[in-house]
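With these hints in hand, go ahead and build the complete structure from the sequences.
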Amino acid sequence: MALLLVAAMSLAAPAATRAENVTVPVGLQAELLFMVAGHDRNLPARGGGVVRTLILTKATDDSARCAAQFKKVAVARLAVAGLPHSVEVASFTTASALAQECRARHLAIIYLTPGFTGAEVAAMGQALEGCSVLTVSASPAMVKRGAVLGFDLVSGRAKLLFDPTQAAKQRVGFGADVLGLMTVPR
Numbered sequence: 001m002a003l004l005l006v007a008a009m010s011l012a013a014p015a016a017t018r019a020e021n022v023t024v025p026v027g028l029q030a031e032l033l034f035m036v037a038g039h040d041r042n043l044p045a046r047g048g049g050v051v052r053t054l055i056l057t058k059a060t061d062d063s064a065r066c067a068a069q070f071k072k073v074a075v076a077r078l079a080v081a082g083l084p085h086s087v088e089v090a091s092f093t094t095a096s097a098l099a100q101e102c103r104a105r106h107l108a109i110i111y112l113t114p115g116f117t118g119a120e121v122a123a124m125g126q127a128l129e130g131c132s133v134l135t136v137s138a139s140p141a142m143v144k145r146g147a148v149l150g151f152d153l154v155s156g157r158a159k160l161l162f163d164p165t166q167a168a169k170q171r172v173g174f175g176a177d178v179l180g181l182m183t184v185p186r
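Numbering (the numbering used here), first residue to last: 1 to 186.
Each hint should be verified, as a subset may be incorrect.
For lysine to any residue, the following SDA-like pairs were computed, each having C-alpha atoms within a straight-line distance of at most 25 Å [claimed, not checked]:
{"#": "1", "residue 1": "K71", "residue 2": "D152"}
{"#": "2", "residue 1": "K144", "residue 2": "A76"}
{"#": "3", "residue 1": "K169", "residue 2": "P185"}
{"#": "4", "residue 1": "K144", "residue 2": "G130"}
{"#": "5", "residue 1": "K144", "residue 2": "R103"}
{"#": "6", "residue 1": "K58", "residue 2": "G118"}
{"#": "7", "residue 1": "K169", "residue 2": "E129"}
{"#": "8", "residue 1": "K71", "residue 2": "P25"}
{"#": "9", "residue 1": "K58", "residue 2": "R77"}
{"#": "10", "residue 1": "K169", "residue 2": "V184"}
{"#": "11", "residue 1": "K144", "residue 2": "L179"}
{"#": "12", "residue 1": "K169", "residue 2": "A97"}
{"#": "13", "residue 1": "K71", "residue 2": "V36"}
{"#": "14", "residue 1": "K58", "residue 2": "A99"}
{"#": "15", "residue 1": "K58", "residue 2": "A76"}
{"#": "16", "residue 1": "K58", "residue 2": "P25"}
{"#": "17", "residue 1": "K58", "residue 2": "T117"}
{"#": "18", "residue 1": "K72", "residue 2": "V87"}
{"#": "19", "residue 1": "K58", "residue 2": "A123"}
{"#": "20", "residue 1": "K72", "residue 2": "T93"}
{"#": "21", "residue 1": "K144", "residue 2": "T60"}
Everything labelled a hint here was simulated from the structure, so no lab data went into it.
As structure tokens, this is what we get:
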């Protein structure tokens, strides 16, 4: 699995989506995310047997475009880590409303499209403390602000960015087999 993940990461084309702050193509982000998610020890317990992915959007063209690209790949994944997979798109309102929805619906993954401010992502990270959920940002800068996972392009290759502190707060437990492939942003 780790070899497959490395191969997929090396296929990253330098072309990104039109959003300035998205460096890795969104379709590749989705593929990498669903490969890596299976290595989260806490994923099976999150949704009671279903992996629920929420694509969270802002009211911008870049966000809508990114959501459509991500959803196209995500809905093709009928299973993640051997569990049934469902995908929904929702507009962001507040961090506290997102945390309530996460707890009520047992969301496993929240994908943040472009357009969120650092303050909004920080508020989400704080509101989601104690929730068992993997937050993933399309924008690499948001990993330092409150998202657990993100993507960056370095020397033409996709890199997985990981915040271990936020991961612990959100009960995300990746195995050593993928942690070695991730970079902790400074």
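Verification of the hints:
{"no.": "1", "hint": "K71 x D152", "result": "holds (20 Å)"}
{"no.": "2", "hint": "K144 x A76", "result": "violated (30 Å)"}
{"no.": "3", "hint": "K169 x P185", "result": "holds (17 Å)"}
{"no.": "4", "hint": "K144 x G130", "result": "holds (18 Å)"}
{"no.": "5", "hint": "K144 x R103", "result": "holds (23 Å)"}
{"no.": "6", "hint": "K58 x G118", "result": "holds (13 Å)"}
{"no.": "7", "hint": "K169 x E129", "result": "holds (5 Å)"}
{"no.": "8", "hint": "K71 x P25", "result": "holds (13 Å)"}
{"no.": "9", "hint": "K58 x R77", "result": "holds (24 Å)"}
{"no.": "10", "hint": "K169 x V184", "result": "holds (16 Å)"}
{"no.": "11", "hint": "K144 x L179", "result": "holds (17 Å)"}
{"no.": "12", "hint": "K169 x A97", "result": "holds (18 Å)"}
{"no.": "13", "hint": "K71 x V36", "result": "holds (17 Å)"}
{"no.": "14", "hint": "K58 x A99", "result": "holds (17 Å)"}
{"no.": "15", "hint": "K58 x A76", "result": "holds (23 Å)"}
{"no.": "16", "hint": "K58 x P25", "result": "holds (19 Å)"}
{"no.": "17", "hint": "K58 x T117", "result": "holds (10 Å)"}
{"no.": "18", "hint": "K72 x V87", "result": "holds (10 Å)"}
{"no.": "19", "hint": "K58 x A123", "result": "holds (15 Å)"}
{"no.": "20", "hint": "K72 x T93", "result": "holds (24 Å)"}
{"no.": "21", "hint": "K144 x T60", "result": "holds (23 Å)"}
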